[in-house]
Each structure stands twice: as C-alpha cells, then as structure tokens.
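Put together the whole structure using the sequences plus the hints.
Every letter in the sequence shown is one number past the one before it in this note's numbering, and letter 11, counting from 1, is 11.
The set of hints was computed from the structure by calculation and includes no laboratory data.
Mixed in with the good hints, there may be bad ones.
[Said to hold, decoys possible] List time: in silico SDA-like cross-link candidates among lysine to any residue, alpha-carbon distance up to 25 Å:
| hint | residue 1 | residue 2 |
| --- | --- | --- |
| 1 | K8 | C23 |
| 2 | K32 | V10 |
| 3 | K8 | V69 |
| 4 | K17 | L58 |
| 5 | K17 | P33 |
| 6 | K18 | N63 |
| 7 | K8 | F57 |
| 8 | K18 | T71 |
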Amino acid sequence: QVFDQACKGVYDRAIFKKLDRVCDDCYNLYRKPYVAVSCRGNCYNNLVFRQCLEELFLGNGFNEYISGVQTV
1 QVFDQACKGV
11 YDRAIFKKLD
21 RVCDDCYNLY
31 RKPYVAVSCR
41 GNCYNNLVFR
51 QCLEELFLGN
61 GFNEYISGVQ
71 TV
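Right, here's the structure in full:
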C-alpha cells in the first residue's frame, strides 16, 4: 500500500513511494514487523522513520525526505 488515507497533506504518489521504500528497506534490514508498521506511523512523521534514514545511510538526503514527510 502506497497511500495512507490518514495522511491529510498533498497526495503525491512519487513521494509516498519514496517514503514507503525507506520503510521497506528498513524492514528488510531488521526483519521485525513492528519496524515496518512503526516507520509508516503518523504519516512517516516519527522517530523510527528518522532512525531508518540514518541506518540506511540516507542521512545526506535527510532534508529531502523530511520535506516529503511534511508534504504528505
């Protein structure tokens, strides 16, 4: 599922796919179901999502991802 209906911001399929990919990759790294669920919580605006960015070495694009979170 790419779109979370609880998110009240702009619907941009490309942004959702990019954010969702972070959570999928983080889940694949840890293989813990709560990681995937928590990562997507609150429309990706949470500590787990930010930790996933760091763990996946996406910190150099951190602001770009956070901007996406604020958009959705």
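Report task. Please write out, lowest number first, the hints stated earlier that are contradicted by the structure. Result -> 2 and 7
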